[in-house]
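Enquirer: Since chain P is already given, all that's left is putting chains S and E on it; use the hints.
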Amino acid sequence: MVRVVNVFLERVLDGTGAFDLLISGNATLFAIVRLSLIVTLAATALAGLIGLPLGAVVALTRFPGRNALVVVLNGLMGLPPVVAGLAIFLLLSRTGPLGSLGLLFTPTAMIIAQAVLITPIIAALARQVIEDLWAEYRDELTAIGVGPAQRVTTLLWDARFSLVTILLAGFGRAAAEVGAVMIVGGNIDGFTRVMTTTIALETSKGNLALAISLGLVLIAIIMAVNAFAWGVRQWAERHAG
Amino acid sequence: MRIRQIALAVALALSAHASPGQAQDKSIVVASTTSTQDSGLFGHILPLFKAKTGIDVKVIAQGTGQALDTARRGDADVVFVHAKPQEERFVAEGFGVQRFDVMYNDFVLIGPKADPAKIKGSKDIVAALKAIHATASPFVSRGDRSGTHIAELALWKAAALDPATEKPAWYRQIGQGMGAALNTSGAMAAYVLSDRGTWIAYKNKLDLDIAVEGDTLLFNQYGIMLVNPAKHPHVKKDLGQAFVDWVLSAEGQNAIRSYKIEGQQLFFPNAKPGQMKKAG
Amino acid sequence: MLAKLEPTIPAVLLRLQGVSYRAGSTLILDDVSLSLDSGPRTILMGPNGSGKTTLLKLAMGLIDPSAGSIETSPHLRAAFVFQRPVMLRRSVAENVAFVRTAARLPFDTQTVVRLLTVVGLRDLADRPARKLSGGEQQRLAIARALAREPALIFLDEPTASLDPASTKAIEDVVVSVAASGVKIVMSTHDIGQARRLASDVVFLVKGRVVEHASGPAFFAAPATDAAKRFLAGELVI
Numbered sequence: 001m002v003r004v005v006n007v008f009l010e011r012v013l014d015g016t017g018a019f020d021l022l023i024s025g026n027a028t029l030f031a032i033v034r035l036s037l038i039v040t041l042a043a044t045a046l047a048g049l050i051g052l053p054l055g056a057v058v059a060l061t062r063f064p065g066r067n068a069l070v071v072v073l074n075g076l077m078g079l080p081p082v083v084a085g086l087a088i089f090l091l092l093s094r095t096g097p098l099g100s101l102g103l104l105f106t107p108t109a110m111i112i113a114q115a116v117l118i119t120p121i122i123a124a125l126a127r128q129v130i131e132d133l134w135a136e137y138r139d140e141l142t143a144i145g146v147g148p149a150q151r152v153t154t155l156l157w158d159a160r161f162s163l164v165t166i167l168l169a170g171f172g173r174a175a176a177e178v179g180a181v182m183i184v185g186g187n188i189d190g191f192t193r194v195m196t197t198t199i200a201l202e203t204s205k206g207n208l209a210l211a212i213s214l215g216l217v218l219i220a221i222i223m224a225v226n227a228f229a230w231g232v233r234q235w236a237e238r239h240a241g
Numbered sequence: 001m002r003i004r005q006i007a008l009a010v011a012l013a014l015s016a017h018a019s020p021g022q023a024q025d026k027s028i029v030v031a032s033t034t035s036t037q038d039s040g041l042f043g044h045i046l047p048l049f050k051a052k053t054g055i056d057v058k059v060i061a062q063g064t065g066q067a068l069d070t071a072r073r074g075d076a077d078v079v080f081v082h083a084k085p086q087e088e089r090f091v092a093e094g095f096g097v098q099r100f101d102v103m104y105n106d107f108v109l110i111g112p113k114a115d116p117a118k119i120k121g122s123k124d125i126v127a128a129l130k131a132i133h134a135t136a137s138p139f140v141s142r143g144d145r146s147g148t149h150i151a152e153l154a155l156w157k158a159a160a161l162d163p164a165t166e167k168p169a170w171y172r173q174i175g176q177g178m179g180a181a182l183n184t185s186g187a188m189a190a191y192v193l194s195d196r197g198t199w200i201a202y203k204n205k206l207d208l209d210i211a212v213e214g215d216t217l218l219f220n221q222y223g224i225m226l227v228n229p230a231k232h233p234h235v236k237k238d239l240g241q242a243f244v245d246w247v248l249s250a251e252g253q254n255a256i257r258s259y260k261i262e263g264q265q266l267f268f269p270n271a272k273p274g275q276m277k278k279a280g
Numbered sequence: 001m002l003a004k005l006e007p008t009i010p011a012v013l014l015r016l017q018g019v020s021y022r023a024g025s026t027l028i029l030d031d032v033s034l035s036l037d038s039g040p041r042t043i044l045m046g047p048n049g050s051g052k053t054t055l056l057k058l059a060m061g062l063i064d065p066s067a068g069s070i071e072t073s074p075h076l077r078a079a080f081v082f083q084r085p086v087m088l089r090r091s092v093a094e095n096v097a098f099v100r101t102a103a104r105l106p107f108d109t110q111t112v113v114r115l116l117t118v119v120g121l122r123d124l125a126d127r128p129a130r131k132l133s134g135g136e137q138q139r140l141a142i143a144r145a146l147a148r149e150p151a152l153i154f155l156d157e158p159t160a161s162l163d164p165a166s167t168k169a170i171e172d173v174v175v176s177v178a179a180s181g182v183k184i185v186m187s188t189h190d191i192g193q194a195r196r197l198a199s200d201v202v203f204l205v206k207g208r209v210v211e212h213a214s215g216p217a218f219f220a221a222p223a224t225d226a227a228k229r230f231l232a233g234e235l236v237i
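Chains as they are written, first to last, in the working numbering: chain P, 1 to 241; chain S, 1 to 280; chain E, 1 to 237.
If we strip away everything but chain P, and leave its shape as in the complex, we get:
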């Protein structure tokens, strides 16, 4: 027991070394954080552009196989990141169908893999939100004479606060994953190394100071995103009802 506490304290001291790294604004650290944010923000934007309208259309239209599609979307929310990474890897490898694009081991591949990972989450949650909203709005919008295409845009706009929360959830999921970006990015020093892959690497090398400081930054970012989501909900309550 004493030994466990001892080791834990040693780790914390390592962590203090981590704070030094953070405070000194270490250039490598900064580059890693910057790349992580760019990759995940771009992936979230891409996933939102595809997933939000997709969810809305599925929510509002009836077509054969719709129920099956809803089940599949819901199931894909749990898509393991490594599997998403593997799928994109097979597509982008030189021997794969899209190999001629030369995208493997680049930040673009990482953005694609993360977008693939979180689009189902965004689409499935958006579908639920829009479907519930449609149940509330259906009679009114029908009486007003809103056409099918306008229904999609009207509901997407009216659900905007919930949809922002959904985007933030997608961001959080992408920011936290390591499997997809590791496989398609290759964790190349200076080019495709992000917070999560660096934490994995540095931990395996026993270099815990950098791993801990990145872990703290990552937690701080995720916390900030969640706080922002909460803030959005509060603001929406107060100002738009």
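Don't take every hint at face value.
Unchecked claim - Quick list of the computed label-pair ranges, beta carbon to beta carbon: (1) S:K167 - P:P97: 37 to 43 Å; (2) P:E136 - S:K203: 56 to 62 Å; (3) S:H234 - P:E131: 44 to 50 Å.
Simulated from the structure, these hints should not be mistaken for lab results. Backbone N, C-alpha and C define an ideal beta-carbon position, used for all residues, glycine too.
Expert: Same frame as chain P, but now just chains S and E:
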């Protein structure tokens, strides 16, 4: 407002990635091993190469088997690993242009200070492995087709033993890199075969120390190959060849020699002079 | 001027013939035949559950009859005010503008302000619509209905959940809208409200039209027993 922020993020992302095929993008992908990467060698020699040629070297660090597979698929331009039989087969299959010796380092057998197999200080790796087998002491294997893993299997074979097939309880195959293997050994108080470079650089030594070293069977030869443009036409053969040439040149060999951790040289350059030639 | 009227307004705006509506195994409307003429304020009366809301929704075309037919005069534009109107998550003015764009009508500020003034909501134009009180939301719903420049407005118990002051405000609006030439068809279970507003009464019991008469005639001398008991305040089961 949000739309503008999103557009900005996307634009940043696109600008962060230099798209391939642009004339000003001078970079190559080198498939190498985690132990070479973890030793810090690349961090030392690549900036020197870039300063001289302006070429960015992107290193994908995997196990040797995976590195060779990556090159077979054409996802890398150069291969730099340490498993000579595999490398020669790679060239024989037509995936590599030619194989050149670059440098060697050595392996060390790491073990717990408690030394359950009573082998500490020995210079005989075969006897040590027999002792580990006889005492059923915990042993961690990389199990990932890496150069280190292949060397480990060759040593067991030299001792006429085959724990990888028998899978006794004390033989733990983890399928991960050298750092992870050392972490696991520390946690399990097990023996593990490591390259010296990773061991010196490793910061989490806990209760581990070198048990056996210095046996000539523990020497580890590195080789470099250009991926064959005949098999994969998109391979950056000029930039890749420039890297191969530099590594084999006096300048590159000196760079390797000058890399030290804690004052110790890790890699011993042994390229044969005059063996460089332009890729046909 | 609230509504652009056709040069000659057709006398019969809407005709239901033999309309029945079944939901599952329940018969909600039973063989209803009814003609709605332009002009008088028509009030649908009857106990709760008599099918008033269903009849209005059928007339509006929100649901389809299980049997029978519904004819409307050509190019008839109708609007609907629900008992609990749904406000869009935007400002009051934007709610009105939304309806205008959906109907492909001009939605300049002036028009929107004019519509809000009719219902007395001009000063609340920039307030988030969901933050309005019940009575104000109902008035906004009427403004949205008017925004469609309809010839006919259906209102489904619009004051059922409102206090007397709000109720009066709504009734005043309904009266002035009717005066400008828009046909009003409104349901209520409040006898007093019906007395105040009705020029024309349709009395429903258990999905059947039991009486259809002019307002004064109905209240002075109801023809059926059910109507008499209803007006006397009894529960008509």
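Enquirer: Taking the hints in turn, state whether each one holds.
Expert: Cross-check of the supplied hints:
Separated by about 39 Å at the C-beta atoms, K167 (chain S) and P97 (chain P) satisfy the suggested range of 37 to 43 Å. Between E136 (chain P) and K203 (chain S) the C-beta distance comes to about 58 Å, which sits within the given range of 56 to 62 Å. Checked against the given bound of 44 to 50 Å, the beta carbons of H234 (chain S) and E131 (chain P), roughly 47 Å apart, stay inside it.
The structure meets every hint from the earlier list without exception.
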